[in-house]
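**Student:** Given chain A, work out where chain B should sit, using these hints.
Taken in order, these protein sequences are the chains called A and B. Heads up: take any position in the first sequence, counting from 1, add 56, and you land on the numbering used here. Heads up: take any position in the second sequence, counting from 1, add 56, and you land on the numbering used here.
Take these hints with a grain of salt, some might be off.
Which copy is meant is left open, because identical chains are indistinguishable; a pair holds if it fits in one copy or across any two.
As a list, the in silico DSBU-like pairs of lysine-lysine whose alpha-carbon atoms are at most 35 Å apart [said to hold, decoys possible]: (1) K131 x K329; (2) K329 x K159; (3) K211 x K358; (4) K120 x K285.
In short, the hints are calculated from the structure, not lab data.
Protein chains: 2
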Amino acid sequence: MDCFITHITLQNYKNYNRIDVDFCPGVNAILGLNGMGKTNLLDAIYYTCLGKSYFSSGDRLVLKKGEEFIRIKSKISVGDRKEKFVAKIIPGKKKEISIDDKKVERISDHIGRYPATIVAPNDIQLLLEGSEPRRNFLNHNLIQYDVNYTNQLIKYNRLLKQRNALLKSFAERQVWNEELLNAITEQMEEPAIYIHKKRHELVDELIPLFIDNYALISGERESCVIMYKSSLNDAAFSDIMQESKEKDRVLQRTTAGVHKDDLTFIMNDQLLKPFGSQGQLKSFILSLKLAQYRILKEKSGKTPILLLDDVFDKLDHERVGHLLKILHDQDYGQVFLTDKDEKDIPAVLEQISDDYAIFVIDEGALKYSSQKR
Amino acid sequence: MDCFITHITLQNYKNYNRIDVDFCPGVNAILGLNGMGKTNLLDAIYYTCLGKSYFSSGDRLVLKKGEEFIRIKSKISVGDRKEKFVAKIIPGKKKEISIDDKKVERISDHIGRYPATIVAPNDIQLLLEGSEPRRNFLNHNLIQYDVNYTNQLIKYNRLLKQRNALLKSFAERQVWNEELLNAITEQMEEPAIYIHKKRHELVDELIPLFIDNYALISGERESCVIMYKSSLNDAAFSDIMQESKEKDRVLQRTTAGVHKDDLTFIMNDQLLKPFGSQGQLKSFILSLKLAQYRILKEKSGKTPILLLDDVFDKLDHERVGHLLKILHDQDYGQVFLTDKDEKDIPAVLEQISDDYAIFVIDEGALKYSSQKR
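With the rest of the complex left out, here is chain A (with noise of 0.2 Å):
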């Protein structure tokens, strides 16, 4: 099912006073010199997708300098249908979504509604820094789809805090009992293997077609792989924590899990870490990140939207030519993409969809559009 974004309205996001910009169900290229406000436009569809900022860790951050409210509309084709996405925030206090003016409750009610996959270029510390944002990735894509991933995830993050705060107790007061420790580890094992689980097929269904978008970026001048490491993959839940309860007696907090789980990325053999350059690193992300757009694509049943910040950044003239040619065949729904102010930009867009706009942003305004269709 088709699912893109035609209207969106923003009042005081970022360095956005005020815009109302209509996009084309192709590919939007968002142009304009350093600092105008390019990510920024991004990152509002991304809000409107996922109901909060990709890139500020805070809706206090999202918000205006001197402003007291934000307020993005959207409007988004889904299928035959249209729908309003109405977002007011006051930094503070709890942000009102609406789809046609009907109040979500929950966030985690409204991810997935609009399926949406995001690169940029701080992505790459996906690859550089500790496990957390490689489960986040899983998790990013998991819950776009599955419900009951996000409401394990929850269930086991809550239980795994009690079971922290439960060791540190007992080591305050120098007590150790074992069946209150196990009331709450036998909870933890059906939300441990649902995740797991699930995981463990994601990652099998992005392998193929990860390694299938790798060689087509690098021209086969590389081969990369990805692994799933975690306790669960060869061994059962309740032995994991049978076997790590004295440790966690000692550290005083859970040692083993899903929690702890992580993926392995191999570049020509060698960890891709310290041996990949800046447009290895580069290419290794998006091909995870398209190969993620896909699975997703699937399992949700809609066309997710794809958000691409400074694209083709450190790649060489051929890696932006494969992929083009990528973007081109592989048949990818609503694009946004940022770029430097380039010249030649149109005949780069020619190269993905006959069906384009151009919008060039100085000063957090709508300057130039140009459209073909």
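**Tutor:** Quick look at chain B alone, frame taken from chain A:
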């Protein structure tokens, strides 16, 4: 005094099996597709100047896969003299560095002989992460021209380690020996005061140069400020240590002192970190590093080598133009820059200098070079 590298020979350095390159005293552009080894060649030049890699955390990561040793031979012109730098590195063993066949006993003796400033894409982390990289930025400059600073820094860090160990042992043994603690604290005073003084002077000199550079690069679109934050700015070392003693006892570590110094970065009266766009962050880093270069040049009495990795990345065409003008006007010495395969690189280089050479790298081999003078 002029200082530039005329020749480099690499063996088993990262992806290079063996290469020999003659450089020009002006601008050397290193071009190639993603993953070909542009940054690795830049890194070998950095190794010559600072006795270690900038991009890899240990020599093990510098060694070409499957090889056993690394050799870097460089010829450097320093004023009227020609010097020969040789590094032979077998990871896990002590590295051997010599100048004109005379062994360098300690790496710290080598630092400053060939001053250098480097700008690389990951330097943006300096603006985004914890305070350590910002202290390292200050240290990186000072150790290249102030041997006493290096010695005081080593001394301070050694005493800090001792003091922390003492606080830990007091807590474990449930004793409190104030005299012993004071004895160490008093020894820290001299290095702390020296370090603080030198950092303060450095930041005071950096600020006007930085502000000028930022205005030039951004075309005065944003105004940026740096501030030096140190507990020693407003109070005497002994008072600070006296005040924090109780806190140190509880937390079992030294909570105040120059190891907590930081820099604050402001853009348009807001904190840079949450509000700066990718292009603004890059402009900030470039302005800061080029200011560092000017000071290093003045203090060391030598013309430092300037290493610019992926320098045009993220900057819009206006800012690229402004940067080229700075590089032309401000009289830099030898410059090395990397870029993706750009068709218009000769036109770009013409704007910086009449003296330039272009190197194209393919799979760790130098395929082509052109030179103008």
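**Student:** Evaluate each hint against the coordinates.
**Tutor:** Going through the hints against the structure:
1. For the identical chains of this complex, K131 and K329 are inter-copy neighbours only, at 32 Å across copies versus 41 Å inside a copy, given an alpha-carbon limit of 35 Å.
2. For the homomeric pair K329 and K159, the shortest alpha-carbon distance between copies (34 Å) is at most 35 Å, but the shortest distance inside one copy (44 Å) is not.
3. For the homomeric pair K211 and K358, the shortest alpha-carbon distance inside one copy (27 Å) is at most 35 Å, but the shortest distance between copies (63 Å) is not.
4. Taking the shortest Cα distances, K120 and K285 sit within 35 Å of each other only across copies (28 Å), while inside one copy they are farther apart (42 Å).
Going through the hint list in order, the structure satisfies each hint without exception.
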